[in-house]
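A.B. asks: Quick note, the sequences are listed as chains A and B, same order.
Mapping the first sequence onto this note's numbering, position 324 (from 1) lands on 324, and the numbers just tick up by one.
Remember, this note's numbering sits 342 above the position in the second sequence when you count from 1.
It is worth saying that the hints were derived from the structure and are not from the lab.
We put the CB at the ideal spot given by N, CA and C, even for glycine.
Hints may be right or wrong, so weigh each one.
Distance ranges between label pairs, derived from CB positions [as the list claims (entries may be wrong)]:
1) B/R636 - A/G62: 53 to 61 Å
2) A/G101 - B/E659: 47 to 55 Å
3) A/Y200 - B/D664: 16 to 24 Å
4) B/A656 - A/T202: 44 to 52 Å
5) A/D178 - B/Y594: 55 to 63 Å
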Amino acid sequence: MTRKITFMQAINEALDQSMDRDNNVILLGEDIAGGATIDHLGNEGAWGGVFGVTKGLVEKHGRERVIDTPISEMGYMGAAVGAAATGLRPVPELMFNDFIGFCFDTLLAQGSKMRYMFGGKAKIPMTVRTCHGAGASAAAQHSGSYYGMLGSIPGIKVVVPSNPYDAKGLLNAAIEDDNIVIFSEDKTLYGIKDEVPEDYYTVEIGKAKVKREGSDLTIVTIGKMLYVANEVADTLEKEGISVEVIDLVTAAPWDQETIISSVKKTGRLIIIDEANPHNNTATDISAVVANKAFDYLDGPIKCVCAPNTPVPFATNLEQLYLPNKDKVLDVASELIEDLKKS
Amino acid sequence: MKKLTKQKAAWIYEKMNDIRNFEDEVHRIFTSGEIPGFVHLYAGEEAVATGVCAHLTDADYITSTHRGHGHCIAKGCDLNGMMAEIYGKETGLCKGKGGSMHIADIDKGMLGANGMVGGGFPIAVGAGLRNQYLKTDSVVVCFFGDGAANEGGFHEGINMAAIWKLPVVFVCENNMFAESTPQSYSSASKTIAQRAAAYDIPGVKVDGMNLQEVYDAAGEAVERARKGEGPTLIECFTYRKYGHFEGDEQKYKAKEGPEKEHADTDCIELFRKQAIDERLLTVKQADDIEEKSRQDVAAAIQFAEDSPVPRPEALLEDVYVD
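Generate coordinates for the entire structure from the input sequences, incorporating the hints supplied.
C.D. replies: Listed below in C-alpha cells is the structure:
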C-alpha cells in the first residue's frame, strides 16, 4: 500500500523500520530525541531532531537506541565508527553538513580507511544522516553542500535523495550497507509529499535514475536540482527540444554507465550541482565523460553550480546563489543552437 | 597491592621481553634501511602495555597509538604477522597495507594502532557503547600519549564515557614528550590524571616503570568498568628508550638530572628482580623466557624477510565491502 507522505516522514519511517528489523541499529546525535534525563519527559522526546525528522522514534525504541549526545561531533561520530567496527550498525546524525569540520577526522582518517588499512578485516557499517542545501535563510554555516567533498574520499558512499520514495528506500539500503554511507538530505525538501509504500523496501545505491527520457540533451541532477531540470525540460520541450533528465541518486561512487550511455544518445550534457563550482561532483562527472565519451559530444559539457562563495544570508542573494531554470537555460541555449536552426 | 600469580608474572615477563626484543630489532633493521616508512618504537614503556593488558581477554578491546607495537604484542597480536606488516609484506596482519602505524587485529580486540594523535578516544567510546548496549562485561582500554591529552578528542571522549558510564579505561602513557615538546610545556594541568576531576571520574598517576603499580591501578579500573561503574583515567609516567620516530636526534632529552635517572630506569630489569625476589619466577624461568623471546623475534624477522610483497591487485582491494 502506498500513500502520500513527506520527505521527512519517509526518512522517519525508514529509520523506524530499520530499527524494527535489526536490533543492532542505533541512532546517535544532538537532540535527536531531546530532553535526555529530564524527569517529566521520561521516554518522551523533547524535539525529535532539530527539524523533527526523528520525532517519535525514542518513544517507540527507547533512549538506549535513540541516543542524545553532547554537542561533541567528533566524540559521537567517532563513537559511531568504533561501534560499527565492533558490530553495531549506528546511524549518527550530523545536524548540518557544515559541522563536518568538527568530526572530519573520524570519517576522513579513521572510518573510511579502516577496512583498507586493516587488510580487509574490518567493516564499518554506518550511515551518517546529515543535511545540506541553501534556500532556507540559514546563512553560510548552515547551508553548504558538501556531499561532493565527502564523496571524494575512498571508502565512503554518498547518496542524495530527491524525493520521498527514494529517501525511504535509499536510507534503508544505506543502513543495510556494510560501508560508511553519507545520507545527505536537502533540508528544503523536508516538506514535499509523494507516494511512498508503507512496507519496507530498498532503492539501489550506485544506480542513477532516468526520470525523463529524451534524445537531444542530457541533464544530470543531484538532489533537489532535479526539479530545476524538470522545469528546464518542460520549457525546452515546448521549443521542440527533447531533454533526458537523470537523477544521480548516488553522488559517490556515481553511476558512470547510465550517464555515459545517455550522453552517447544525446551528445549534449549539462550537470546541475548545488555545490561550489570547483572539485565537485559536476566537475568530476564532466571530466570522466570528457575522457570516456568525447567522440560522442556535440558541444562542451556545461556545469551549473553555485558560485565560488559561501552561502549568503539575504534572501535575494541566496536565490541568486542557487542554480535555477534561467541559469540552466542560458547554458543550454549555446548547446542547442544548432538544433533550433535545423 | 594485588599479588601476581606465577602464571600471570610469566605472561607479563614474556610479553615485556617480546616487546623489547621486537623494538630493538626493528630499530636495528630500520637503521639498515630494510624497513620503509616511519616507525615509532615502544621500547622503554613495556610495563604499561603489559601491566594493563594482563587484565584483558580477547573479548576486550583496545585502541592504540602511532607508538602501537607494544600494545599489539600485549593484546596478543602475532609477532610474525606484525613484523611482516612492518616490512610491507602480504603475510602481514593487514596484508602489508597498513604498516607500523595501522597494525590491527579485530579478532584479538585490537582496534588499531593509529596515525592520528588522539584518534582513538572516540573509537574507544564507540566500542564501549557497543559493550554496554549488548550488555556484555567486556571493557575497552584507550591508550594515548601525553601529547594526545591536548587534543579535543580527549575531552569529548572522556566526557561522553563518563556521562554514559561506559566501560572504558583511559590509559595515558606520559613519556614526557609529545614529539620533541615537553609535557610540562604543553599541558596547563601539572598532571594528566588530575583532569579526571573535571569529569568526576577517578584519576590516578602511577610510576609507569613499575609493573606492579600499573598492574594494580589497571586492575582496579578494569574491574570498575566491568561492573558498569564507568571510566577511569590512569596516567603512567614512563619514558621512551628511542626517539619520537626512528631518525630523531633526540636533542630534547636531558643528559643528567631527574629525567636522566627516570630514563635509565629499565622497567623490565625492575620486574625481573621483583618476580625473582617474590618467587614468581625462578632465575632459570626468567632466562628461558628471555631466550625464547629472542628466538621468536628472530623467527618473526625471518618470516617477514621470506614473505612475498603484496600482489599488485591488492592495491585496489578492500576499499569497500562488496
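A.B. asks: Taking the hints in turn, state whether each one holds.
C.D. replies: We went through each hint and held it up to the structure:
For the hinted restraint 53 to 61 Å between B/R636 and A/G62, the CB-CB distance of approximately 55 Å keeps it satisfied. Restraint check, A/G101 to B/E659: a C-beta distance of roughly 31 Å breaks the suggested window 47 to 55 Å. With their beta carbons about 23 Å apart, A/Y200 and B/D664 fall inside the hinted range of 16 to 24 Å. Take B/A656 and A/T202: their Cβ atoms lie about 31 Å apart, and the range 44 to 52 Å is violated.
Checking the proposed 55 to 63 Å range against A/D178 and B/Y594 shows it is violated: the Cβ atoms sit about 45 Å from each other.
In this structure, the hints that do not hold are numbers 2, 4 and 5, in rising order.
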